[in-house]
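Produce the entire structure from the sequences given, and follow the hints as far as they go.
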Amino acid sequence: MKAVIIIPARMASTRLPGKMLLMAGGRPLIQHAYERARASKRASRVVIATDDARILAAARAFGAEAVMTDPAHKSGSERAAEAARGLDADIIVNVQGDEPELDPKALDRLIELQGSLKPFASTLVAPFPERARLDDPAAVKAILGRKVSAPGDSGAAFEALYFTRALAPYPRDGAPAREDYFLHIGVYAFRPDALQTFAQAAEGRLERIERLEQLRILEMGERLLAAVVGDAAPGIDTPEDFAAFKRRVEG
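When you line the sequence shown up against the working numbering, it's residues 35 to 285, in that order.
With a straight-line Cα cutoff of 30 Å, these simulated BS3-like cross-link-like pairs (lysine-lysine) come out: (1) Lys139 - Lys36; (2) Lys75 - Lys152; (3) Lys152 - Lys181; (4) Lys139 - Lys75; (5) Lys139 - Lys280; (6) Lys108 - Lys139; (7) Lys108 - Lys152; (8) Lys108 - Lys280; (9) Lys75 - Lys280; (10) Lys181 - Lys36; (11) Lys75 - Lys36; (12) Lys108 - Lys36; (13) Lys152 - Lys139; (14) Lys181 - Lys139; (15) Lys75 - Lys181; (16) Lys36 - Lys152.
Estimated spans, in silico, between C-beta atoms of each pair: (17) Ala46 - Ala95: 20 to 26 Å; (18) Arg239 - Asp142: 33 to 39 Å; (19) Gly208 - Ala106: 42 to 48 Å; (20) Asp124 - Lys181: 20 to 26 Å; (21) Arg206 - Asp122: 49 to 55 Å; (22) Arg180 - Ser47: 32 to 38 Å; (23) Ser47 - Leu121: 24 to 30 Å; (24) Ala236 - Ala267: 31 to 37 Å; (25) Arg242 - Val283: 35 to 41 Å; (26) Asp275 - Glu69: 15 to 21 Å; (27) Ala95 - Gly208: 52 to 58 Å; (28) Met45 - Lys152: 31 to 37 Å; (29) Ser78 - Gly208: 45 to 51 Å.
Because the hints were derived from the structure by calculation, they are not lab data.
Glycine included, C-beta positions come from ideal geometry on N, C-alpha and C.
Okay, here's the thing in structure tokens:
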């Protein structure tokens, strides 16, 4: 089973322009994400897919394999699909370039789940870190259904039913209990053919409303599994996120 990680990295960002090249601890953000991906024991190769010559040059300068892709892509998975064409792989893992603290063991767990059960795609979720974030639309809630089991996998995994920025499921009879909710981690493992099918499919109605690309998979009627991991490493979406990350790196 050969797994290849692709890291989509674009220069444009609404809330934090140019974040891929922001420096922390003497290294650009994209390098931190790349090094985490390289630490996966289940992935044989890591490729950075970008739409900007500056990111391409920076990636190659720190020794990464990097390719240019079409700047018109609407999502990271679409960019990953272009980079994946022609690759020798059984599994393609899409890891965002703004995930510099992702646990490599979580990546290994995702690859193992995808390789064992071979659904259309798999993703990661974690218990909500704090009650206050349940009302945050940036904290995407994963609605999970039937539990599934994979040979040799001792962790929990479920069929994904829906993803939303709203508080769901809604606790009609009282305050929500944090342990009943799961935070989505935007990392995906696809079968290579499934990734191409996803990228070529039209944007779904729910995907367009929520602005969540994973909803396209569910709207297509395909199977999406979610592996539960211990915690969710913070992604970098805002200047405040990056400042906190820089403090953690530099002390």
